[in-house]
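Residue numbers (our numbering), protein chains in the order written: chain W, 1 to 322; chain U, 1 to 322.
It should be emphasised that the hints constitute simulated quantities derived from the structure, not laboratory data. Only true hints are included.
Only part of the chain W face toward chain U is listed, based on derived beta-carbon distances under 7 Å:
{"hint": "1", "residue": "8"}
{"hint": "2", "residue": "26"}
{"hint": "3", "residue": "31"}
{"hint": "4", "residue": "32"}
{"hint": "5", "residue": "110"}
Pairs of lysine-lysine, BS3-like flavour, derived with a Cα cap of 27 Å:
{"hint": "6", "chain 1": "U", "residue 1": "127", "chain 2": "W", "residue 2": "25"}
{"hint": "7", "chain 1": "U", "residue 1": "45", "chain 2": "W", "residue 2": "28"}
{"hint": "8", "chain 1": "U", "residue 1": "89", "chain 2": "U", "residue 2": "45"}
{"hint": "9", "chain 1": "U", "residue 1": "28", "chain 2": "W", "residue 2": "55"}
{"hint": "10", "chain 1": "U", "residue 1": "235", "chain 2": "U", "residue 2": "306"}
{"hint": "11", "chain 1": "W", "residue 1": "123", "chain 2": "U", "residue 2": "25"}
{"hint": "12", "chain 1": "U", "residue 1": "25", "chain 2": "W", "residue 2": "45"}
{"hint": "13", "chain 1": "W", "residue 1": "28", "chain 2": "U", "residue 2": "55"}
{"hint": "14", "chain 1": "U", "residue 1": "253", "chain 2": "U", "residue 2": "187"}
{"hint": "15", "chain 1": "W", "residue 1": "28", "chain 2": "U", "residue 2": "28"}
{"hint": "16", "chain 1": "U", "residue 1": "25", "chain 2": "U", "residue 2": "89"}
{"hint": "17", "chain 1": "W", "residue 1": "28", "chain 2": "U", "residue 2": "296"}
{"hint": "18", "chain 1": "U", "residue 1": "25", "chain 2": "W", "residue 2": "25"}
{"hint": "19", "chain 1": "U", "residue 1": "136", "chain 2": "U", "residue 2": "123"}
{"hint": "20", "chain 1": "W", "residue 1": "45", "chain 2": "U", "residue 2": "45"}
C-beta atoms are modelled at their ideal positions from N, C-alpha and C, and glycine is treated no differently.
2 protein chains.
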Amino acid sequence: MAVYTNVSDQQLNDFLSTFDLGAPKSFKGIAEGVENTNFLLETEKGRYILTLYEKRVNKDDLPFFLDLIEHLANSGITCPTPIRDQDGKSLLMCAGRPAALFTFLDGMSVRWPTAHHCGELGKAMAKFHQSGLSYKNARANSFTIVGMQEFYEAIEGDINSIDPNLVSLIENELNFLKVNWPSNLPKGIIHADLFPDNVFFLNDQVSGLIDFYFACSDFLILDIAITLNAWCFEKDVSYNVTKASRLLSAYSKTRPIQPEELEVLPIIARAAALRFLLTRTNDWLVTNEGALVAKKDPMEYVRKLKFHQSITNPGSYGFNSN
Amino acid sequence: MAVYTNVSDQQLNDFLSTFDLGAPKSFKGIAEGVENTNFLLETEKGRYILTLYEKRVNKDDLPFFLDLIEHLANSGITCPTPIRDQDGKSLLMCAGRPAALFTFLDGMSVRWPTAHHCGELGKAMAKFHQSGLSYKNARANSFTIVGMQEFYEAIEGDINSIDPNLVSLIENELNFLKVNWPSNLPKGIIHADLFPDNVFFLNDQVSGLIDFYFACSDFLILDIAITLNAWCFEKDVSYNVTKASRLLSAYSKTRPIQPEELEVLPIIARAAALRFLLTRTNDWLVTNEGALVAKKDPMEYVRKLKFHQSITNPGSYGFNSN
Chain W
1 MAVYTNVSDQ
11 QLNDFLSTFD
21 LGAPKSFKGI
31 AEGVENTNFL
41 LETEKGRYIL
51 TLYEKRVNKD
61 DLPFFLDLIE
71 HLANSGITCP
81 TPIRDQDGKS
91 LLMCAGRPAA
101 LFTFLDGMSV
111 RWPTAHHCGE
121 LGKAMAKFHQ
131 SGLSYKNARA
141 NSFTIVGMQE
151 FYEAIEGDIN
161 SIDPNLVSLI
171 ENELNFLKVN
181 WPSNLPKGII
191 HADLFPDNVF
201 FLNDQVSGLI
211 DFYFACSDFL
221 ILDIAITLNA
231 WCFEKDVSYN
241 VTKASRLLSA
251 YSKTRPIQPE
261 ELEVLPIIAR
271 AAALRFLLTR
281 TNDWLVTNEG
291 ALVAKKDPME
301 YVRKLKFHQS
311 ITNPGSYGFN
321 SN
Chain U
1 MAVYTNVSDQ
11 QLNDFLSTFD
21 LGAPKSFKGI
31 AEGVENTNFL
41 LETEKGRYIL
51 TLYEKRVNKD
61 DLPFFLDLIE
71 HLANSGITCP
81 TPIRDQDGKS
91 LLMCAGRPAA
101 LFTFLDGMSV
111 RWPTAHHCGE
121 LGKAMAKFHQ
131 SGLSYKNARA
141 NSFTIVGMQE
151 FYEAIEGDIN
161 SIDPNLVSLI
171 ENELNFLKVN
181 WPSNLPKGII
191 HADLFPDNVF
201 FLNDQVSGLI
211 DFYFACSDFL
221 ILDIAITLNA
231 WCFEKDVSYN
241 VTKASRLLSA
251 YSKTRPIQPE
261 ELEVLPIIAR
271 AAALRFLLTR
281 TNDWLVTNEG
291 ALVAKKDPME
301 YVRKLKFHQS
311 ITNPGSYGFN
321 SN
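Just chain W, same shape as in the assembly (with noise of 0.2 Å):
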């Protein structure tokens, strides 16, 4: 969220120069994507996005994403797609990063989705994973229950400056899901961080998706308790149940979810808070006072596992089938 490289005028024409997309006629540092420096670039052709990777984003997995960002865009899923230069490379070097340009997304994120907007979210995702599903690439989910057992074991001595229940609450629930986690559910391509942020609305229908660089192969139910998260709380936490509903329902007219993954979503739901509890309860541990960063509160996540934690039923979640 942040500009963390600066891009001179050199810089951007020595970049543009394996293009042919004619001189550039502005170009803006701009507020977007979670850890990497993006420009808003105008040339005599159109306008584009030129995205920098950071350092916390690993090289090797780039290929990865760009390659599926453009098997999305050319089955028809609305994203900012790589352009490739003259020599058929869409990963290349500006101003000693790794960098790629992308066409730009009219659209804008709502900051509280309405339970339409939910609706529309659920379309589209069931679109982005039926078309994940030809993808030939796979990437290993980072928050694996192992993964956020060894994630936690690394931030775990400062914990209890936030809340002195917090250590017991995330070791009882890791332990938990490591005895409770399922098997054998639908796999495929997930984005992992479908929140408001990643997703463009235009006339109250998406326009597109963003960042897709923590999207990974795992259980797709995993991405639907992911966004249930995100999407369907109200701010004083409260479960809305017409939002889950619309966005359950409309997911499932493209890609209808099956008993299996139902029967687990409070499970597979718990992760996916935890999943956040962790990253946010770290940002909110190391987040330099003065960096500008909006931290968000690790404990709105502890009150969404709490709910998963409560649900018996997994027809609490809204979701009706017929």
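Following the hints, position chain U against chain W.
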């Protein structure tokens, strides 16, 4: 250079409701402008910049700035022009901040200006000064000699941590300027921060000036001195007399630099260097390590100040008045 205040879709819609610009199509926070939050907004009618004024800008100064920018635009100076709403107001509120909407300006700043760019800047600055002469309002410069003395006294304690000679250099310079400061030079509205960041070029011509939030009433030659410091030194802080000559002669074709201005240019240039030496020293001392703001080395301006201290003949600046 950061997004200090977020604006939700709802807050944007509320703001736009008093304009007749159609629905928003795209809205992105941009890293532009020193101390304000800026968004690039596209609506059905065109592209705009939305500026939210943060706490470091004095609200009482905003009408001066907005009226100035409108005055400049009306007299043919290309700059982002404030857009008045249906009630004729340009200064409004958005997300709890004073805010204004501006036309979008094509062009890009250059990091390392050439002699050609310096000539173009000289021409644009002279036109800006000419236009400012008919602007009816005035605003005192915060960085007069007295203002710099006060600024210095507020940060004095920590300065030795940067360089042990800095305190005596600054104190001697302030004393010199107090005794030698000229009077009765041509005055008008100066931009006071016309660094390469704030000048856009398109096809190697100036396409516009931005960021007028230091503009004030003072000697016009002070603005020229600020630009000599900002545009005509090389990376190694050597003075490029070719660039300076182009800047000064191009300027003088529109507003002839007077002999009495040229005569005191070494003194004015020392004040111009001291002003940025002081603010960079302050930024160096107070900027939080994590704040993702590129700190600019105050010692660069020590070297520029020493260059001007060494000038015995104003002709050394490269101005050929014939």
